[in-house]
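**Student:** Each chain, written out:
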Amino acid sequence: METTRAGTTVAPASRALDVIGGDLTERSLRRYLEGIPGVDAVGLEARAAALGTRSIKTTSKAWALDTIIRLTDLTTLEGADTPGKVKSLVAKAMVPDPDDMSTPRVAAVCVYGDMVPHAVEALGSAHDDGAPNRINVAAVATAFPSGRASRSVKLSDTSDAVAAGADEIDMVIDRGAFLSGRYGQVFDEIVAVKEACKRPDGTYAHLKVILETGELNTYDNVRRASWLGILAGGDFIKTSTGKVTPAATLPVTLSMLEVVRDWHRLTGEKIGVKPAGGIRASKDAIKYLVTVAETVGEEWLQPDLFRFGASSLLNDVLLQRQKLTSGRYSGPAYVTID
Amino acid sequence: MSRLAVPKTYKLYVGGKFIRSESGRVYEVATTKGSFSVSSVNAAKASRKDARDAVVAARGAVSGWSGTTSYNRGQVLYRIAEILDGRRAQFAEEIAAFEGVSLSTATAQVDEAIDLWVWYAGWADKYVQVAGNGNAVSGPFFNLSVPEPTGVVAVIAPQAAGVPGSLLGFVRAVAPILVSGNTVVVIPSERAPLAALSLGEVFATSDVPAGVVNILSGSPAEIAPWLAAHADVNALDLLGAGELDWVDLQIAAADTLKRVLPPEQAPDAGAASLDRITFFTETKTVWHTKGLL
Numbered sequence: 001m002e003t004t005r006a007g008t009t010v011a012p013a014s015r016a017l018d019v020i021g022g023d024l025t026e027r028s029l030r031r032y033l034e035g036i037p038g039v040d041a042v043g044l045e046a047r048a049a050a051l052g053t054r055s056i057k058t059t060s061k062a063w064a065l066d067t068i069i070r071l072t073d074l075t076t077l078e079g080a081d082t083p084g085k086v087k088s089l090v091a092k093a094m095v096p097d098p099d100d101m102s103t104p105r106v107a108a109v110c111v112y113g114d115m116v117p118h119a120v121e122a123l124g125s126a127h128d129d130g131a132p133n134r135i136n137v138a139a140v141a142t143a144f145p146s147g148r149a150s151r152s153v154k155l156s157d158t159s160d161a162v163a164a165g166a167d168e169i170d171m172v173i174d175r176g177a178f179l180s181g182r183y184g185q186v187f188d189e190i191v192a193v194k195e196a197c198k199r200p201d202g203t204y205a206h207l208k209v210i211l212e213t214g215e216l217n218t219y220d221n222v223r224r225a226s227w228l229g230i231l232a233g234g235d236f237i238k239t240s241t242g243k244v245t246p247a248a249t250l251p252v253t254l255s256m257l258e259v260v261r262d263w264h265r266l267t268g269e270k271i272g273v274k275p276a277g278g279i280r281a282s283k284d285a286i287k288y289l290v291t292v293a294e295t296v297g298e299e300w301l302q303p304d305l306f307r308f309g310a311s312s313l314l315n316d317v318l319l320q321r322q323k324l325t326s327g328r329y330s331g332p333a334y335v336t337i338d
Numbered sequence: 001m002s003r004l005a006v007p008k009t010y011k012l013y014v015g016g017k018f019i020r021s022e023s024g025r026v027y028e029v030a031t032t033k034g035s036f037s038v039s040s041v042n043a044a045k046a047s048r049k050d051a052r053d054a055v056v057a058a059r060g061a062v063s064g065w066s067g068t069t070s071y072n073r074g075q076v077l078y079r080i081a082e083i084l085d086g087r088r089a090q091f092a093e094e095i096a097a098f099e100g101v102s103l104s105t106a107t108a109q110v111d112e113a114i115d116l117w118v119w120y121a122g123w124a125d126k127y128v129q130v131a132g133n134g135n136a137v138s139g140p141f142f143n144l145s146v147p148e149p150t151g152v153v154a155v156i157a158p159q160a161a162g163v164p165g166s167l168l169g170f171v172r173a174v175a176p177i178l179v180s181g182n183t184v185v186v187i188p189s190e191r192a193p194l195a196a197l198s199l200g201e202v203f204a205t206s207d208v209p210a211g212v213v214n215i216l217s218g219s220p221a222e223i224a225p226w227l228a229a230h231a232d233v234n235a236l237d238l239l240g241a242g243e244l245d246w247v248d249l250q251i252a253a254a255d256t257l258k259r260v261l262p263p264e265q266a267p268d269a270g271a272a273s274l275d276r277i278t279f280f281t282e283t284k285t286v287w288h289t290k291g292l293l
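Going down the list, the protein sequences come from chains A and B. Once you know that position 222 of the first sequence is 222 in the working numbering, the rest is easy, because the numbers rise by one and skip nothing. Once you know that position 259 of the second sequence is 259 in the working numbering, the rest is easy, because the numbers rise by one and skip nothing.
No wet-lab data here; the hints were simulated from the structure. All C-beta atoms, glycine included, are put in the ideal place defined by N, C-alpha and C. Heads up, some of the hints might be wrong.
Each pair of labels, with its calculated beta carbon distance range [to be verified]:
#1 B:Q90 - A:A41: 43 to 51 Å
#2 A:D160 - B:E222: 54 to 62 Å
#3 A:P12 - B:G64: 58 to 66 Å
#4 A:I337 - B:G134: 29 to 37 Å
#5 B:N143 - A:T59: 53 to 61 Å
#6 B:E222 - A:S326: 13 to 21 Å
#7 B:G64 - A:A91: 51 to 59 Å
#8 B:G64 - A:K87: 26 to 34 Å
#9 B:A30 - A:T336: 47 to 55 Å
This is chain A alone, in the form it adopts within the complex (with noise of 0.2 Å):
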């Protein structure tokens, strides 16, 4: 299909440059994005549906719960968010369960834009701590989850939250844009996100490129919308806002980090992959460790790497995790409620 806006060159995003070549044009991008061989559907359902089937127990299931905490993206996001509300989450956050400190911290909460100056103030010293203790504040911009707004609102979305105080930038693909193969659009905005995530110092807060993948109905659009995401300079690829459904499916999340582990064997360049949404439960959860593992390897079970979008997992995780220390079940009475 030729419109327009073929010969039309996007913004000479340093990956896209060294992957496609100087001659950096819609056209190009579209040449290229359109090569990638097209998903099995039956085989990668077959193929997650297989790792899905995997038994972890015991010691490794004690491992495998604290590494779930410690790659969690505490999340709130509703309309109905207050200070109070995001001060309790980052009081979760830091102390997940007041009855065993032993138990991890989350990597991140993860609120809207206007919520970050009041995650920033709650975390006080946690957001300054190193690693492992420190916990990172994200913020979802570009007029999350439709993103139907000008580049401008956009823009300064991000900018603000990171102004704010933001470590990482949530920012949501034009869906639309994307699904009418206006590739260079959707290029062009993710880049100028990033260059929006710019600090004074010159640093970067970290971009998550969310696919919204409930939105995009075939696994050869999520495995595109993954090139595409990571060629604009993508941190992270994220599967969905939680406001979609389906959100996460593991199916989904493997088709990404197929990806992520294509673009490690190209260039040697690591990118994080967050499947969010729709994990709520530790069992679920496991799986996608499993699937991780076995598909990048186990170097990207950490935070940098990877996360969990989530709000109720964390609970269920901290009843699994008592039943281990307690040997009997536990029930959402010994818990936060959200």
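Once you've looked at the hints, dock chain B against the given chain A.
**Tutor:** For chain B alone, kept in the frame of chain A given last:
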């Protein structure tokens, strides 16, 4: 022409669904008389994980069941009696074949079970008037104490063969707990679980919300310790636990401050009584000003 018997698969009843044990186990329940269509059947043998799932289902059903009006709860309990009455013959035959009693004895047991449902159904909108109180206080206040359901109750139904029988024993254990709005996870008689499992079909078709009654056939000695120690179980009825190490179960239950009813072993164990309703309630007392004049 003779036809092949179609033996029923007796499955657990958890969360409103008839499920096999997650462990895949079954155990044989043999008839004592030749009159039944088959000589033995398999019943699902629940594991600790089935118990865990049952507690989750029961917990999920608490707010809905305790939130219905007591009048409505009475109607639902009465409906159980209605449906059970329509299936008297099936239950009588099952009991006669698997408990080794005569058909007339079995029928008498079913009738008594039906009558007991009706008796407890009547209490649903009346026990509060008896167990609650308007307290006299030295001030211009209404001071009201009202019983409220405890929550999730784990029950070990009577296990012994003979009187009162597997169905009646089961109903004696479960019915009073449901009256106030509790939900139950119950282990029926290990030797004769079929009437209880068939009663699950009655629950499923008589407007009892899913998860209010969860039936785990299998070994009480295996499952009960998990239920007794489970932090999300609020009370424990050891009615039929006389043959187990029930003191250990009490000790395990004390860890999480559960209410515990001790075993009873006489033939009238768990006989109809208001106390069995009120034991599984918590008293809430509220103060309210009498007027603003």
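**Student:** Within 26 to 34 Å: is that where the Cβ-Cβ distance between G64 (chain B) and K87 (chain A) falls?
**Tutor:** 32 Å, holds
**Student:** So does N143 (chain B) sit 53 to 61 Å from T59 (chain A), Cβ to Cβ?
**Tutor:** For T59 (chain A) against N143 (chain B), whose Cβ atoms are near 55 Å apart, the range 53 to 61 Å holds.
**Student:** So does Q90 (chain B) sit 43 to 51 Å from A41 (chain A), Cβ to Cβ?
**Tutor:** 48 Å, holds
**Student:** Can you tell me whether the CB distance of P12 (chain A) to G64 (chain B) sits inside 58 to 66 Å?
**Tutor:** 60 Å, holds
**Student:** Is the distance from the Cβ of I337 (chain A) to the Cβ of G134 (chain B) consistent with 29 to 37 Å?
**Tutor:** Hint holds: Cβ distance 33 Å, inside 29 to 37 Å.
**Student:** Against the range 51 to 59 Å, how does the distance between the Cβ atoms of G64 (chain B) and A91 (chain A) compare: consistent or not?
**Tutor:** Violated - the Cβ-Cβ distance for G64 (chain B) and A91 (chain A), about 31 Å, lies outside 51 to 59 Å.
**Student:** Between A30 (chain B) and T336 (chain A), does the beta-carbon spacing fit 47 to 55 Å?
**Tutor:** Since the Cβ atoms of A30 (chain B) and T336 (chain A) sit about 50 Å apart, the hinted range of 47 to 55 Å holds.
**Student:** Between D160 (chain A) and E222 (chain B), does the C-beta distance stay in 54 to 62 Å?
**Tutor:** 59 Å Cβ-Cβ, so the 54 to 62 Å window holds.
**Student:** Quick check on a hinted range of 13 to 21 Å for E222 (chain B) and S326 (chain A), using CB atoms only.
**Tutor:** Given a distance of about 19 Å, which is inside 13 to 21 Å, the answer is holds.
In this structure, only the earlier hint numbered 7 is contradicted, and the remaining ones agree with it.
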